[in-house]
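Undergrad: Here is what each chain is made of, one letter per residue.
Protein chains: 2
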Amino acid sequence: MKVGILTIGNELTSGMTQDTNSSFIAREMKTEGWGIAAMMSVGDSESSIAKGLDYMLEISDAVVVTGGLGPTSDDITTASIAKAFGLNLYTDKVVLERIKERFEKRHLKWTDNNIKQAKFPEGAEIIENPVGSACGFFLERGEKIVAVFPGVPGEIKRMLPEGLLPVLKWKFKGSEKGTTRKTIKLFGLTESTIDEAVAQLDIDLPGISIGFYPRFPEIHVVITSVNKDRYALKENLEIAEMRINERLEKNIFARDHETMEDVVAGYLKDKKLTLSIAESCTGGLIADRLTNVPGSSDFFERGIVAYSNPSKIALLDVPHSTIAQKGTVSEETAIAMAEGIRKISETDIGLSTTGITGPAGGTPQKPVGTVYIALTDGQMKACRKFIFGWNRRRIKEISTQWALEMLRRYLIGRDI
Amino acid sequence: MKVGILTIGNELTSGMTQDTNSSFIAREMKTEGWGIAAMMSVGDSESSIAKGLDYMLEISDAVVVTGGLGPTSDDITTASIAKAFGLNLYTDKVVLERIKERFEKRHLKWTDNNIKQAKFPEGAEIIENPVGSACGFFLERGEKIVAVFPGVPGEIKRMLPEGLLPVLKWKFKGSEKGTTRKTIKLFGLTESTIDEAVAQLDIDLPGISIGFYPRFPEIHVVITSVNKDRYALKENLEIAEMRINERLEKNIFARDHETMEDVVAGYLKDKKLTLSIAESCTGGLIADRLTNVPGSSDFFERGIVAYSNPSKIALLDVPHSTIAQKGTVSEETAIAMAEGIRKISETDIGLSTTGITGPAGGTPQKPVGTVYIALTDGQMKACRKFIFGWNRRRIKEISTQWALEMLRRYLIGRDI
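In the order they appear, the protein sequences are chains P and E.
The opening residue of the first sequence carries number 2 in my numbering; numbering runs sequentially from there.
The opening residue of the second sequence carries number 2 in my numbering; numbering runs sequentially from there.
The shape of chain P in the complex, shown without the other chains:
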């Protein structure tokens, strides 16, 4: 079963409003095991709607239409669909009464253009709207179905599960496959390296497909399993995940909705370890990410954004001579910062960053993008140097990710 999605509205084709209905509907359809033939947006024009609907009906078994059911003059979806199919419009008395009651209850002024929302094409089945005045409807066209909904995201979210899914299931029952999905989050490898590694695994399981999604600075590998057999659906997903795991384990830091900071926070809490951070080039972003995790005060003692040299010396006890001889951006300074913050804060772990995010401040020896990240637990101290080829914000983001990744590696006992 293939579903087409047609969203209607000048606000969409002008780029003023981001269409979120299509993604929502696609996810709902996928959950039922139905594929999406295409998603299309057209403006409030009779001919665009007619042509778009015609194309979508050609490539799909069911077309879900949203938008253009309001009372104003630019809302022409119902009339355009009726005209495209050569159907007359009728006024539904029950719906009309309900709209009038709604107006009275809310003390809104009645205007006659609201009658429009009670008009439907002949033969249409009305879909109730529990949260708004615009009802939806569906029409059967031979073996196919066209279902029409208002464009307000909150309304379609309420109407789809009860108003459409049962109809589609009843009409297209039997043929569906289930879909399930697993997201594996990797860091520290390029997309093409991951792709090649997965390709070499040569995973050839029925209904399994694998996609690669760069989410800077992470890469997400999504395994999708599609199967009629509910047991094979899960089993094949697990086998595929296990095989990718075996091959890329070192670079996998989280799964599904978990974030890097969730994972690191989890280890810190489990091990009852405390952390303090001295940030220069990351400017507070490491602290910001860690404090997004509820309960972060259990392990996060303090962070210092030591942006100036005097602040590094005064707050972190970085020796003046280290900065003078080795420079602010150096391994020695990074380590002194991590040691300083750890001692002053009396925490188990100290973490630090120092670097040049640009656009100014680079030299031939230390170009923009040079970053040192250091970690110490009092006994062990480690520092890594990076040269990143990105802009200011991205250098902050990837440095933060590396700092959290180094912390993660430390916490699971791996080389940093």
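Just so you know, these hints were derived from the structure itself, not from any lab.
Some hints here could point you the wrong way.
Intra- or inter-copy, both count: the list cannot distinguish identical chains.
[Stated by the list, open to error] Derived DSS-like pairs (lysine-lysine); straight-line CA-CA distance at most 30 Å:
1. Lys110 x Lys386
2. Lys172 x Lys344
3. Lys145 x Lys52
4. Lys52 x Lys251
5. Lys367 x Lys110
6. Lys117 x Lys273
7. Lys170 x Lys52
8. Lys235 x Lys367
9. Lys52 x Lys172
None of the values given here were measured: they were computed from a predicted structure.
Let chain P serve as the given structure and place chain E on it in line with the hints.
TA: Same frame as chain P, but now just chain E:
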């Protein structure tokens, strides 16, 4: 001139990823006065791409395609388009060399699947990608044009203005209306208050329309001017902007691409003032936002994320008795934090936040969402109390915005 937009990727038709490229491209086209025939998303399937392209070419003069130009096996856009048009692929030596150089420069491991990104259909004109490895291309089909771009939003944003707009202008130059736009950014009023204020202004100028876009925690008012007459196009926009300005000036903090942190940083630099920040509940987000501004080291001396009570006492000289008597989340503690960080850092201004972001930690007297923000310049000290009704991340975001807004008001000499 009508433009069609075709976005390609299983991540779009599965609903996993929200397509933002279509809106961006639509806005760019509208700015030039061109209409959008339709926007369509299809999956990574040869036949879906071929059919979709065929339909879009039928209803448009130019089709902009994005997505599926990466090195991995599911990236099949180039090959599918070539096949649909019956064209062979060739390898562009210059592009191939550049991709290889990119890999060397970034010390990335070369894998042969990357050669794919140097392949183009015969007759294609290559569109340079200054920020990624996937070049775009365009093909002429009789009187029509097909332009193909990678799907990464940051890349297409860089490539479109220089790589595509000049070609389209040259090919379809002529009679259309121009569009221009102004974004006014407001903070501290609700959407309905702003809507009502603007409605009362009763701005009735030819070709002017006004839209409201909530961008938490900001509200953006966008004035759009559409006119054939290039003089009236600008003139009417300026009149509308002036009138909104007169009415809502106090809550307008920035325009167009400027951010709150840009504005605050600009004032600090102009006045040669220095700043230090003591953050508790905002967890580093104020420092993060300010250090996104290039050259922020000119005014930003240091930030302290004092998450624990001992750190507030040790680092900020907050008297133990203040915390014991008034509590960590109190006006007195907020002011002591701002005074402490200012003195210790020897800066002109000290700024602080303390609050309860939840989900745990609330009490009937101080519920989750209670936040104090304080600012001092040594003589003046000010503190505001807020009770926000949002989740953890949003409480951090709106508290950060209020801290920057209080700083902005101080810098322009207004009541905080």
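Undergrad: Evaluate each hint against the coordinates.
TA: Against the structure, the hints come out as follows:
1. Lys110 x Lys386: Classified as between: cross-chain Cα gap 18 Å, same-chain 54 Å, threshold 30 Å.
2. Lys172 x Lys344: Neither. Shortest intra-copy (63 Å) and inter-copy (67 Å) distances fail the 30 Å Cα cut-off.
3. Lys145 x Lys52: both (17 Å within a copy, 20 Å between copies)
4. Lys52 x Lys251: neither (51 Å within a copy, 42 Å between copies)
5. Lys367 x Lys110: Classified as between; 23 Å across copies, 55 Å inside a copy.
6. Lys117 x Lys273: neither (52 Å within a copy, 49 Å between copies)
7. Lys170 x Lys52: Classified as both; 27 Å inside a copy, 27 Å across copies.
8. Lys235 x Lys367: For Lys235 and Lys367, neither the intra-copy (51 Å) nor the inter-copy (46 Å) Cα distance is at most 30 Å.
9. Lys52 x Lys172: Both. Shortest intra-copy (25 Å) and inter-copy (26 Å) distances satisfy the 30 Å Cα cut-off.
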